[in-house]
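**Q** Residue numbers (the working numbering), protein chains in the order written: chain A, 1 to 159; chain B, 160 to 318; chain C, 319 to 477.
Check each hint, because a few of them may be wrong.
Each computed PhoX-like pair below joins lysine-lysine, with the alpha-carbon atoms no more than 20 Å apart [said to hold, decoys possible]:
id	chain 1	residue 1	chain 2	residue 2
1	B	K293	A	K22
2	A	K22	C	K340
3	C	K452	C	K340
4	A	K22	A	K151
5	C	K386	C	K455
6	A	K134	A	K22
7	C	K469	C	K340
8	A	K68	A	K128
9	C	K469	B	K181
I should point out that these hints are in silico values taken from the structure, not numbers from a laboratory.
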Amino acid sequence: MTEPVDVQGLVARVQRLEAAEKIRTLIYDYAFHLDMNHPQLLSELFVEDCEISYAPNFGAVGREAYAKTLDGIGSYFVATSHHVSNTVIEFVSDDAATVRSVIYAWHRYSRERPDSYVWGQYRDDVVKVDGVWKFRKRVLCNAGSQDFHVKESNPIGRA
Amino acid sequence: MTEPVDVQGLVARVQRLEAAEKIRTLIYDYAFHLDMNHPQLLSELFVEDCEISYAPNFGAVGREAYAKTLDGIGSYFVATSHHVSNTVIEFVSDDAATVRSVIYAWHRYSRERPDSYVWGQYRDDVVKVDGVWKFRKRVLCNAGSQDFHVKESNPIGRA
Amino acid sequence: MTEPVDVQGLVARVQRLEAAEKIRTLIYDYAFHLDMNHPQLLSELFVEDCEISYAPNFGAVGREAYAKTLDGIGSYFVATSHHVSNTVIEFVSDDAATVRSVIYAWHRYSRERPDSYVWGQYRDDVVKVDGVWKFRKRVLCNAGSQDFHVKESNPIGRA
Chain A
1 MTEPVDVQGL VARVQRLEAA EKIRTLIYDY AFHLDMNHPQ LLSELFVEDC EISYAPNFGA
61 VGREAYAKTL DGIGSYFVAT SHHVSNTVIE FVSDDAATVR SVIYAWHRYS RERPDSYVWG
121 QYRDDVVKVD GVWKFRKRVL CNAGSQDFHV KESNPIGRA
Chain B
160 MTEPVDVQGL VARVQRLEAA EKIRTLIYDY AFHLDMNHPQ LLSELFVEDC EISYAPNFGA
220 VGREAYAKTL DGIGSYFVAT SHHVSNTVIE FVSDDAATVR SVIYAWHRYS RERPDSYVWG
280 QYRDDVVKVD GVWKFRKRVL CNAGSQDFHV KESNPIGRA
Chain C
319 MTEPVDVQGL VARVQRLEAA EKIRTLIYDY AFHLDMNHPQ LLSELFVEDC EISYAPNFGA
379 VGREAYAKTL DGIGSYFVAT SHHVSNTVIE FVSDDAATVR SVIYAWHRYS RERPDSYVWG
439 QYRDDVVKVD GVWKFRKRVL CNAGSQDFHV KESNPIGRA
């Protein structure tokens, strides 16, 4: 004897699994376009009224302002590599979620200075707009860094 | 012409996909609570009769004993960052699975000594208890390390 | 009022989610068998007529030729650790996909020389053969490296 299946409910569950895949792709596309120096494609991952904080006094409100903070990253670095893992998604609704992930970033500079490293966490609010998942809010918190050119950072809040 | 759909079977398959998501969240929550210095939340990720081995002669049997091994980690490190990836889950049943993942860990000490690094693998047995996935057994095996304060380690078993 | 459910379509969507899990396992099994020094198991992850490029003039066409390039890796390194993340899968069909991922690799040599690091990207074509996902093409592109014994590399194509 088997219990009757809630097929509508099953569809909703599959949709959520698919949404999780798409949100992870968003998180990883960000790293990809950053490392590939695609500032235009990077800013398109954000909604119009987005908020970004890389550090206190280093971020942007709104996609246009964000695009400006990306100016110059192409020539500042010779190469970067952003390794994102530990991605945990919590759905607020079918169209909104909070996401926590961990970032290990390596940077090689155009100027003569040592490679730098950042170990941190991304804390994101993502939303689905016209069927596409985008960043509404992205905050980078640093557990620590080595030789990084940005001296201030948002703390992870270690107890 | 389409073959008839086994809807009950489909439900079971969706459940397994959802279980995989939850198991990954367990693996990543461990890293999160470790880096955030949340020893209480960390120990709650384990079942009562758990087994943990970080190295030969460094581990615990039972959640209470495990909680004691966590004493002092908060003051020993200024910061840590645990980056877990390559997570592969093999289900033993609907309520049990073995999990293999890879860990890159960075540690900054409270004492004056160089940052340390561990490159290794977690090998886990996880179980679903009262609807919640928890660690039954967690073994850390080191591929290698640099400047790490723990000198012994479980080998990965490289051929 | 609910719309009727396309159950056949739902099955196809679940299959795709399951395929994504299996493709990720393929990507992570490669790293596992590399670090465990399992050259035989490594080559079995590839189809017969595979193509591999680790660098210009360093790769193989065909599984047999690939197996030969793996000769000696066991004694060349004391230990390696390959950390793969940012895995993004794009399906071409039910049996074929392109995959992009990011790799952070650490190597400790048998000879007296410093540990080396590679930060890069894997770009893969994977195919499902007799129900099993395998690599058809695998290209490693380096964002950068440190102390690595291979001096040439495929570029990631940073703009």
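**Q** None of the hints should be skipped; say for each whether it holds.
**A** Comparing the hints with the structure gives:
1. B/K293 <-> A/K22: This hinted pair is violated, its Cα atoms lying about 26 Å apart.
2. A/K22 <-> C/K340: holds (17 Å)
3. C/K452 <-> C/K340: Between C/K452 and C/K340 the Cα gap is close to 10 Å, so the pair holds against 20 Å.
4. A/K22 <-> A/K151: violated (33 Å)
5. C/K386 <-> C/K455: Holds, because 17 Å separates the two Cα atoms, which is no more than 20 Å.
6. A/K134 <-> A/K22: At roughly 10 Å apart (the allowed maximum being 20 Å), A/K22 and A/K134 satisfy the hint.
7. C/K469 <-> C/K340: violated (33 Å)
8. A/K68 <-> A/K128: Between A/K68 and A/K128 the Cα gap is close to 24 Å, so the pair fails against 20 Å, i.e. violated.
9. C/K469 <-> B/K181: violated (42 Å)
Violated hints, in rising order: 1, 4, 7, 8, 9; the structure is consistent with all others.
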